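Protein chains in written order, with the numbering used here: chain A, 22 to 298; chain B, 0 to 245.
Errors might be hidden in some of the hints.
Unchecked claim - No farther apart than 30 Å at their CA atoms in a straight line, the calculated lysine-lysine pairs in the DSSO-like style are these: (1) Lys-191/B - Lys-39/B; (2) Lys-136/A - Lys-108/B; (3) Lys-146/A - Lys-136/A; (4) Lys-108/B - Lys-65/B; (5) Lys-226/B - Lys-69/B; (6) Lys-39/B - Lys-86/A; (7) Lys-108/B - Lys-226/B; (8) Lys-187/B - Lys-124/B; (9) Lys-108/B - Lys-86/A.
Claimed, not checked - Some chain A residues flagged as far from chain B (calculated, every beta-carbon gap over 12 Å): (10) Ala-100; (11) His-116; (12) Thr-119; (13) Val-131; (14) Glu-198; (15) Asp-245.
Everything labelled a hint here was simulated from the structure, so no lab data went into it. Quantities reported herein were computed from a predicted structural model and do not represent experimental measurements. We put the beta carbon where it would ideally sit given N, CA and C, even for glycine.
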Amino acid sequence: MFRNQYDTDVTTWSPTGRLFQVEYAMEAVKQGSAAIGLRSRSHVVLACVNKAQSELSSHQRKIFKVDDHIGVAIAGLTADGRVLSRYMRSESINHSFTYESPLPVGRLVVHLADKAQVCTQRSWKRPYGVGLLVGGLDESGAHLYYNCPSGNYFEYQAFAIGSRSQAAKTYLERRFESFQESSREDLIKDAIMAIRETLQGETLKSSLCTVSVLGVDEPFHFLDQESIQKVIDTFEKVPEEEEDAGEGEAEPEAATGAAGTGEQGGSGDQDVAPMEI
Amino acid sequence: MTTFTVPIDNGDSVKIAEEESQRTLYPYVTGTSIVAIKYKDGVLMASDMGGSYGSTLRYKNIERVKAIGKHSLLGASGEISDFQEILRYLDELTLNDNMWDDGNSLGPKEIHNYLTRVMYNRRNKFNPLWNTLVLGGVKNGKSYLGMVSMIGVSFEDDHVATGFGNHLARPILRDEWHADLSFEDGVKLLEKCMRVLLYRDRSAINKLQIAKITEEGVTVSQPYSLKTFWEFSSFHNPTAGAEGSW
Numbered sequence: 022m023f024r025n026q027y028d029t030d031v032t033t034w035s036p037t038g039r040l041f042q043v044e045y046a047m048e049a050v051k052q053g054s055a056a057i058g059l060r061s062r063s064h065v066v067l068a069c070v071n072k073a074q075s076e077l078s079s080h081q082r083k084i085f086k087v088d089d090h091i092g093v094a095i096a097g098l099t100a101d102g103r104v105l106s107r108y109m110r111s112e113s114i115n116h117s118f119t120y121e122s123p124l125p126v127g128r129l130v131v132h133l134a135d136k137a138q139v140c141t142q143r144s145w146k147r148p149y150g151v152g153l154l155v156g157g158l159d160e161s162g163a164h165l166y167y168n169c170p171s172g173n174y175f176e177y178q179a180f181a182i183g184s185r186s187q188a189a190k191t192y193l194e195r196r197f198e199s200f201q202e203s204s205r206e207d208l209i210k211d212a213i214m215a216i217r218e219t220l221q222g223e224t225l226k227s228s229l230c231t232v233s234v235l236g237v238d239e240p241f242h243f244l245d246q247e248s249i250q251k252v253i254d255t256f257e258k259v260p261e262e263e264e265d266a267g268e269g270e271a272e273p274e275a276a277t278g279a280a281g282t283g284e285q286g287g288s289g290d291q292d293v294a295p296m297e298i
Numbered sequence: 000m001t002t003f004t005v006p007i008d009n010g011d012s013v014k015i016a017e018e019e020s021q022r023t024l025y026p027y028v029t030g031t032s033i034v035a036i037k038y039k040d041g042v043l044m045a046s047d048m049g050g051s052y053g054s055t056l057r058y059k060n061i062e063r064v065k066a067i068g069k070h071s072l073l074g075a076s077g078e079i080s081d082f083q084e085i086l087r088y089l090d091e092l093t094l095n096d097n098m099w100d101d102g103n104s105l106g107p108k109e110i111h112n113y114l115t116r117v118m119y120n121r122r123n124k125f126n127p128l129w130n131t132l133v134l135g136g137v138k139n140g141k142s143y144l145g146m147v148s149m150i151g152v153s154f155e156d157d158h159v160a161t162g163f164g165n166h167l168a169r170p171i172l173r174d175e176w177h178a179d180l181s182f183e184d185g186v187k188l189l190e191k192c193m194r195v196l197l198y199r200d201r202s203a204i205n206k207l208q209i210a211k212i213t214e215e216g217v218t219v220s221q222p223y224s225l226k227t228f229w230e231f232s233s234f235h236n237p238t239a240g241a242e243g244s245w
């Protein structure tokens with residue numbers, strides 16, 4: 022994607038019917054570190070890669086609890102993500118207060134998408150630069166949605182966003198048909214394995230990822246490091262026997278805080294902007 | 000109290016109009032008790048069809064129990080016009096809920112809580128909706144029965160009654176209600192309460208409806224009347240023990 026004369030304003034159409042500012046906003050999502058979501062009939066797992074600004078700092082929080090029955094994982098401009106999480110929490114709690122009943126996740130997602138759409142049609146605003154994986158429950162069971170800066174939203178069985186998410190998506194595409202009937206434990210294991218795909222060579226350790234679960238009888242919560250490490254240990258014991266060739270027995274030093282380049286080629290920015298994690 | 004002030008050229012202001020804000024001070028057309036119980040398949044609710052204008056039994060065809068959405072029944076005693084206003088609010092609420100068309104729907108618990116919020120907020124503004132509402136329903140196999148008063152007091156129970164029903168029907172329900180009543184037994188119990196109310200409540204009329212809600216939906220019976228008996232021996236010569244007194 023290259024600069025052109027139609028990309029200055031979000032309210033300017035290009036002759037081919039595109040809004041470039043909105044598309045650039047979606048590029049920002051690809052620059053963030055990976056976030057993954059999967060769901061079964063009764064559970065949703067959200068997982069992400071822990072990335073820190075530098076070795077000295079702690080990692081950015083990318084997964085937020087919206088309510089006992091809704092969680093969100095973000096990729097892109099985390100500041101935008103935080104603001105939208107606050108909005109989601111607010112909507113959820115207002116609904117709970119008035120109706121004493123949890124807000125169905127499908128309705129929350131539509132409110133969120135409508136909010137994002139407004140920013141694509143006002144000349145004094147800019148689109149939110151964050152993609153949200155919203156996992157939650159409603160009357161018909163567990164759901165996973167992806168909300169885009171464009172104001173679109175889609176429902177998924179499993180999805181990955183952020184940098185090197187294509188590797189995770191390939192892994193998920195091979196396995197997604199079994200997810201609907203998966204047990205909670207299998208779902209968690211698949212999420213961690215998908216995270217491993219995005220690391221491409223780095224050894225998977227529990228300190229590198231954050232995993233959260235919610236389910237029909239299980240309020241949203243994060244898994245602790247021990248539980249994550251236990252799951253990792255079940256499949257990292259024999260690295261030679263893994264199906265993916267090219268996964269090294271070699272153990273390169275885990276590069277903490279390494280900034281990845283956007284796999285889609287980016288818009289020329291090779292370094293990750295400081296505000297995007 | 001809203002006052003309007005208009006500045007005049009010489010800098011002084013004059014109060015042009017002063018209106019007492021329109022708020023409910025006392026009810027005009029009122030409905031009397033509602034009695035409702037949970038039974039085996041859902042909830043039964045009984046009310047008479049009278050609307051009193053003070054001490055006059057003016058209107059005799061008022062339906063005080065209405066279906067709300069797919070899962071709930073609302074009964075009201077108190078000011079009839081306020082009940083109609085509440086039905087309008089709920090109409091809008093259920094319309095918007097249906098427009099989502101997403102497999103989620105408002106159940107009796109949600110409607111009960113919504114009404115509690117409305118009633119309490121009105122009470123805080125000193126402009127109450129002069130009703131006591133009974134909300135019953137069934138969703139996903141679970142029965143629900145609750146009440147909200149005009150000051151926002153709200154609770155759930157296995158059997159509820161409003162107005163005079165509090166004093167006359169609840170003692171009967173406390174003694175004779177039990178879980179898993181059959182439909183026939185439930186109706187008999189409600190009729191027993193309604194008969195007592197008919198004898199003793201001056202604003203009750205002998206034309207009642209019983210509404211039923213189960214997982215399948217709502218049915219409101221046709222209006223009918225109860226058999227009464229006025230030939231008790233003490234009615235024959237009421238002043239027997241105290242001649243000359245009222």
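Broken hints, by number: 5, 6, 7, 8, 11, 12 and 13
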